[in-house]
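J.: Please dock the two separately framed chains into a single complex, following the hints provided.
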Amino acid sequence: MKNLISMRDLSKEEILYLLKLASQIEKGEVNPDMQRRLAALLFFEPSTRTMFSFDTAMKRMNGNTIVMSGTKDTSAKKGESFADTLQTIAQYTDIIIMRSPIEGAARYASEVVGIPVVNAGDGANQHPTQALLDLYSIQKTQGTLENLKIGIAGDLRFGRTVHSLVQAMSLFGAKFKFFSPTFLSIPKNIKEFLHEKKIRFNEFDEDMDIKILSELDILYVTRIQKERFASPEDYEKVKGSYCLTKEMLSHVKPNLKVLHPLPRVDELSSDVDDTKYAYYFQQAQNGVYMRQAIITILLGGV
Amino acid sequence: MGKKAINPIKNGTVIDHIPAGKGKNVWEMLNLPSSEEKMFLGKNLSSEKLGKKDMLMFENLELSLKQLNVIALIAFGATISIIKDGEITRKDQVILPELVEKVITCPNPKCITNEEDVATKFEVLENGDVEVKCHYCEKKYLIGEVKIKM
Numbered sequence: 001m002k003n004l005i006s007m008r009d010l011s012k013e014e015i016l017y018l019l020k021l022a023s024q025i026e027k028g029e030v031n032p033d034m035q036r037r038l039a040a041l042l043f044f045e046p047s048t049r050t051m052f053s054f055d056t057a058m059k060r061m062n063g064n065t066i067v068m069s070g071t072k073d074t075s076a077k078k079g080e081s082f083a084d085t086l087q088t089i090a091q092y093t094d095i096i097i098m099r100s101p102i103e104g105a106a107r108y109a110s111e112v113v114g115i116p117v118v119n120a121g122d123g124a125n126q127h128p129t130q131a132l133l134d135l136y137s138i139q140k141t142q143g144t145l146e147n148l149k150i151g152i153a154g155d156l157r158f159g160r161t162v163h164s165l166v167q168a169m170s171l172f173g174a175k176f177k178f179f180s181p182t183f184l185s186i187p188k189n190i191k192e193f194l195h196e197k198k199i200r201f202n203e204f205d206e207d208m209d210i211k212i213l214s215e216l217d218i219l220y221v222t223r224i225q226k227e228r229f230a231s232p233e234d235y236e237k238v239k240g241s242y243c244l245t246k247e248m249l250s251h252v253k254p255n256l257k258v259l260h261p262l263p264r265v266d267e268l269s270s271d272v273d274d275t276k277y278a279y280y281f282q283q284a285q286n287g288v289y290m291r292q293a294i295i296t297i298l299l300g301g302v
Numbered sequence: 001m002g003k004k005a006i007n008p009i010k011n012g013t014v015i016d017h018i019p020a021g022k023g024k025n026v027w028e029m030l031n032l033p034s035s036e037e038k039m040f041l042g043k044n045l046s047s048e049k050l051g052k053k054d055m056l057m058f059e060n061l062e063l064s065l066k067q068l069n070v071i072a073l074i075a076f077g078a079t080i081s082i083i084k085d086g087e088i089t090r091k092d093q094v095i096l097p098e099l100v101e102k103v104i105t106c107p108n109p110k111c112i113t114n115e116e117d118v119a120t121k122f123e124v125l126e127n128g129d130v131e132v133k134c135h136y137c138e139k140k141y142l143i144g145e146v147k148i149k150m
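Residue numbers (my numbering), protein chains in the order written: chain A, 1 to 302; chain B, 1 to 150.
Quick caveat, the hints were computed from the structure, so don't treat them as lab data.
Predicted, not measured: the structure shown is a model, and the values here were computed from it.
Just so it is clear, CB atoms sit at the ideal spot from N, CA and C, and this is done for glycine as well.
Any given hint could be a false lead.
What the hints assert, rightly or not - Now the stretches of chain B that chain A is said to cover, found in silico as 3 or more residues with beta-carbon under 8 Å:
#: 1; segment: 25-38
#: 2; segment: 100-114
#: 3; segment: 130-139
Isolated chain B (complex conformation) (with noise of 0.2 Å):
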């Protein structure tokens, strides 16, 4: 009954757990083409691990494992539940990715991703802050000075 009452959709995806403040920014880097479906954006939801929190919710959509990688960098601890007949199939906590390609800028203006046609690779680390190191110019950055695109 509960589950029911905040899960407004039928089938498709829920991503909780995401760093309150950070929902808008989730909805945005997934980039979802224009849809008639139904999306929902709670903002500072109260969470007992979390203390605050903001959730998503998206009617009929299934999420690429390049959307998932996204997710992971810039909500790190965010879960991805699959709801099928208005029940949750599935319930994980999104992973960290240990390489990702193509979807960070490099801020560095010296670096060779940005003077010639280089697909951009990222080394993932955690101690904390999630941190991503240029595969090419082996400078490091917080996750939040890096520009990402979908």
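Isolated chain A (complex conformation) (with noise of 0.2 Å):
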């Protein structure tokens, strides 16, 4: 693995043996060494929280970065090419990290530049490193990544999140139940993969039931972005059919998680926080166990 850009380029091995790193990580059975080591954290598109687990992930191995955040900052602004950039940060440093709202941005950059490169976001493409922690997290909590029943609730359309996870976890037999409002369900090309892969899915465009709750393994909830919504009224409306509360938990699996990439705004209600289901906030702090073992693999640390 010279660079990580899509979860499309990762085969299943690869995917376990990022997985299994993270795991010794975490155990502290590995221990990395990044002293001398800088990485450049690049996010043309502010996102606090990815960027500090990322500078988080890399300061816990005693390396170092150098941060820019937003494009005020960029040479953009004076005319200078994005190759250009790239290939002058290429030069100070051992490691990309990059956000960018322009889709195919990273593998741009991968390209362009002789280091590894790390997509940590680009557009509504890929998130490669959500979807690797959210694996982890999946994996940490059941026990393995086969055959689960996996319920995702939210935006399905526009979360990239979900496409990733999605592709991902069908890779290991997984069956899915989708709740969404109508227009904001699965994507045609994402159901196509699902069924070419003969993987079973169920959609619903009503409230999440307890019935199909009792059934799952992992509900992954996710944001309902206020601005995909026509009008005001509109999104009111959905907001209160799909918010997970403590109520809708009574009749679940007790191996029950309960997974959001997080922020969460009205689809999460914070009386989930208290019962053994939620996860969200431990899946935050493997994002940084998993993010130690991507750096590793890219900057050959084991």
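T.: Structure follows, in structure tokens:
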């Protein structure tokens, strides 16, 4: 593995290897040393959470980072090409971790520079480190990735996290239940992909049903963004119906875990937090271990 | 005798078995320089295989690989015949390239290829229809949905 750009580039074996390394790092069985290694965190689109997670991952391994956040301090304003900016930064650092609103920006970056590139999100396209930390969280809580029943709720149309997760979990024979308002339902190309792979799924355009929730091993809730709606009234209507509450979890399986990529707004009630099913904050912590594993593999630290 | 009748060119190229209605499209796409040579566009000709087909004939023209790739994309199934001294010397079906570089414009306005000076690259997939997938933004399109330029 030279770069991490898209989940599509990873084989099942590579995914399993990353999961194993993340687990070894978490348990302290492997202690990668990134002393004198410098990561460039280029966030052309701000994302404090993801940036801090990478920053923490690097520093937990004694590495260091230089950070660029937002577009205002870039050379783009001076008319410098993206390729030139990247090539210059690649002269200073050992690895580039980048987020951009431009789709394909990380792939292009990996073709321009001679050092490893990690895609920390490129527009609506890919966010592979999120997908990997989700897989790690699922494996850690269920003891396996094979043959699980996974419910996914919220914005299934625009949520790239959801798309990557569905594609990745389909390698492990998952069954899916999708909950979303009709106009935010899972896109046609993902459905075609699932049909091709002979993966079973059902779609629901109503509130999460207690009976269906009782079958699940994982419930993955995502944020429904207000700006996707034509009018505030439409949003208010949907908002109430896609909210997971403690009460709805009264008949679930004991191994169920609720995941959420965060930040949450109205779709996940805070009364779920003190149930044994809540796992979203640990999920964020798992992100650090997974990002440590990714950086370690790309920089040859093990 | 029959062959001579439908081949009014002596030396050149015949693009046959073009799906009916696509002939003009292929002609335009080839973006040929203005020329004094003979050229023919046959529309809605009868074909055993296709029912109806279009056909193009160009005197003294040899197609480049890039042109052949574009023909394969927009008129999948077409055949190319090379004519020398009034005889067909070679006849091949166009082959879909696995990858096309530079000729397709990505319709996604958020794609890096529309933001920076990056040559486009598309993977070509065939399952009934010809589909192309952008190497950068990973979006898939039917061939009819993208702009092709030579």
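J.: Taking the hints in turn, state whether each one holds.
T.: Against the structure, the hints:
| no. | hint | in the structure |
| --- | --- | --- |
| 1 | 25-38 | violated (count 0) |
| 2 | 100-114 | holds (count 5) |
| 3 | 130-139 | holds (count 6) |
Violated hints amount to a single one, hint 1; each of the other numbered hints is respected by the structure.
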